[in-house]
Amino acid sequence: MALYRKLNRDTTKRRSILSGLTKTVIMNGKVETTEERAKEVRKFVDKMITYAKKGDLVSRRKALAFLENDTNAVKKLFDELAPKYADRLGGYTRIIKLKERIGDDALIVSLELV
Numbered sequence: 001m002a003l004y005r006k007l008n009r010d011t012t013k014r015r016s017i018l019s020g021l022t023k024t025v026i027m028n029g030k031v032e033t034t035e036e037r038a039k040e041v042r043k044f045v046d047k048m049i050t051y052a053k054k055g056d057l058v059s060r061r062k063a064l065a066f067l068e069n070d071t072n073a074v075k076k077l078f079d080e081l082a083p084k085y086a087d088r089l090g091g092y093t094r095i096i097k098l099k100e101r102i103g104d105d106a107l108i109v110s111l112e113l114v
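Residue numbers (the working numbering): 1 to 114.
Don't read these hints as lab results, they were simulated from the structure.
Take these hints with a grain of salt, some might be off.
[What the hints assert, rightly or not] Only pairs whose alpha carbons sit at most 20 Å apart, straight line, appear in this in silico SDA-like list of lysine to any residue:
#1 K47 to L89
#2 K53 to G91
#3 K54 to K39
#4 K47 to E68
#5 K39 to D56
[Unchecked claim] Here are the in silico distance ranges between beta carbons for each label pair:
#6 D87 to R15: 30 to 36 Å
#7 T50 to R15: 16 to 22 Å
#8 E68 to D105: 29 to 35 Å
#9 I17 to K62: 15 to 21 Å
#10 K30 to D87: 19 to 25 Å
#11 M27 to K62: 16 to 22 Å
#12 K97 to K6: 21 to 27 Å
#13 R15 to K54: 19 to 25 Å
#14 G90 to E68: 22 to 28 Å
#15 A65 to I102: 36 to 42 Å
Bear in mind the structure is a predicted one, so any value in this text is a computation, not a measurement.
For each residue, glycine too, the CB sits at the ideal point set by N, CA and C.
Using the sequences and the accompanying hints, generate a full structural model.
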């Protein structure tokens with residue numbers, strides 16, 4: 001059993017999808033996507049918030065590397081989200097089931113920050 005979902009994509013496309021969805025959650029606070037993608041993105045959002053809570057230079061560089069050098073997302077992550085979740089030990093996101101997509105019956109969910 002794999003430790004992660006491959007999402008029927010090769011490595012570069014999968015990483016790009018996950019990075020983009022992570023940036024969207026950080027910037028907007030939520031995103032609507034399929035359940036499998038949301039469950040996978042949740043791991044990365046939690047990891048980015050944990051980096052932000054550490055607040056050191058190494059953590060900032062790791063977040064920048066994953067978020068494709070999006071300085072606005074990293075700035076919001078370190079300046080706004082880290083103080084907000086300073087007292088929380090984990091579980092920064094929630095998944096709410098919304099509907100099934102008409103074309104392929106994929107379950108659409110909302111991934112949002114708590």
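Structure-based check of each hint:
no.: 1; hint: K47 to L89; verdict: holds (12 Å)
no.: 2; hint: K53 to G91; verdict: holds (14 Å)
no.: 3; hint: K54 to K39; verdict: violated (24 Å)
no.: 4; hint: K47 to E68; verdict: holds (15 Å)
no.: 5; hint: K39 to D56; verdict: violated (27 Å)
no.: 6; hint: D87 to R15: 30 to 36 Å; verdict: holds (31 Å)
no.: 7; hint: T50 to R15: 16 to 22 Å; verdict: holds (19 Å)
no.: 8; hint: E68 to D105: 29 to 35 Å; verdict: holds (32 Å)
no.: 9; hint: I17 to K62: 15 to 21 Å; verdict: holds (19 Å)
no.: 10; hint: K30 to D87: 19 to 25 Å; verdict: holds (22 Å)
no.: 11; hint: M27 to K62: 16 to 22 Å; verdict: holds (18 Å)
no.: 12; hint: K97 to K6: 21 to 27 Å; verdict: holds (23 Å)
no.: 13; hint: R15 to K54: 19 to 25 Å; verdict: holds (22 Å)
no.: 14; hint: G90 to E68: 22 to 28 Å; verdict: holds (25 Å)
no.: 15; hint: A65 to I102: 36 to 42 Å; verdict: holds (38 Å)
Checked against the numbered hints above, the structure breaks hints 3 and 5 and satisfies the rest.
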